[in-house]
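Here are the chains, one letter per residue:
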Amino acid sequence: MPDEKTPASDNPYTQTHLVQSGDTLSKIAEKYYGDATLYTKIFQANRDVLSDPNKIRPGQKLRIP
Amino acid sequence: MKKSSLWVLAALAAVLVAGCQNQRAPAEQAVASAEATLTTIRDAAMHYAPDQLQAVDAQLASAKDSLGKGDYKAVLAAMPALNTAIKNLSDTAMAKQQEAQAANDKAKDVWGPMSADVPKMVDAIASRVDILSKSHHLPKGVTKDSLTAAKSSVDSMKSAWGDAANAATAGDFSSAVSKGQAVRDQASQLMHSLGMTSG
Chain E
28 MPDEKTPASD NPYTQTHLVQ SGDTLSKIAE KYYGDATLYT KIFQANRDVL
78 SDPNKIRPGQ KLRIP
Chain U
6 MKKSSLWVLA ALAAVLVAGC QNQRAPAEQA VASAEATLTT IRDAAMHYAP
56 DQLQAVDAQL ASAKDSLGKG DYKAVLAAMP ALNTAIKNLS DTAMAKQQEA
106 QAANDKAKDV WGPMSADVPK MVDAIASRVD ILSKSHHLPK GVTKDSLTAA
156 KSSVDSMKSA WGDAANAATA GDFSSAVSKG QAVRDQASQL MHSLGMTSG
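For the record, the sequence lines run as chains E and U.
According to this note's numbering, the stretch in the first sequence is residues 28 to 92, in order.
According to this note's numbering, the stretch in the second sequence is residues 6 to 204, in order.
Derived by calculation from the structure, the hints in this document are not laboratory data.
Hints may be right or wrong, so weigh each one.
Which bits of chain U does chain E cover? Going by a derived footprint, with three or more residues having C-beta under 8 Å, they are [unchecked claim]:
id, region
1, 138-144
2, 172-178
3, 192-202
Ideal Cβ placement from N, Cα and C applies to all residues, glycine included.
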């Protein structure tokens, strides 16, 4: 297996989450990782669509690495 | 016994010996020829028709045994069957070799997309396992034990994928695809157990 990992943005097997009204990155992190403090992982994986971890919009499709 | 009878017996014995000697060269040549033919197909036969090769080897050994005992008549009598067996063995081995080649060519087409796809599955799982390892509480449906098992599975999948890639590098695409499919199946199962298949 190659050493270079496929970035989440190029990986079709990275799970996705469709942002619902009332969602926050922390809530999403809690749902998928069991730990709200890991929201930064989701933020980093979606830097191409998110500029601020506190600003997500319903309908956005976020990658969950 | 009369002297004339002794002469007749001696003459008959000489004819018999001469007859045997006449058969010696063709018998030796026939065995050598069969052995040489078998040598040219031995590798393929060993790979694709080992049981049939074993039977032919036994026939050849029997012919050589007769040759060693000077029973040239028996050698020559056994040759048609031996030659037919060698030809059948050759036909079987060649047919199976062609079949295997066709299957390998087909597997090569499967390997292309698979080699691009499966590492991405494993990467996605490795990433999730890495993040979950840092989590203070695990998400619903994931237990400490299942996470530990997942970590170990990621290592085994990477190792198995390495074997698959090595097989492909060696040109054995049938084996590569078989090993690669096992990794894909394991990865699919793991993604499911880690809750990575729901949105």
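Taking a Cβ-to-Cβ distance below 8 Å as contact, does the region 192-202 of chain U have at least three residues touching chain E? n = 4 at 8 Å, threshold three: holds.
Establish whether the coverage given for the region 172-178 of chain U by chain E is satisfied; the threshold is a Cβ-Cβ distance below 8 Å, and no fewer than three residues must meet it.
violated (count 0)
inquiry  = Taking beta carbons only, do three or more residues of the region 138-144 of chain U come closer than 8 Å to chain E?
reply    = holds (count 6)
Hint 2 alone, counting from the list given before, is not met by this structure.
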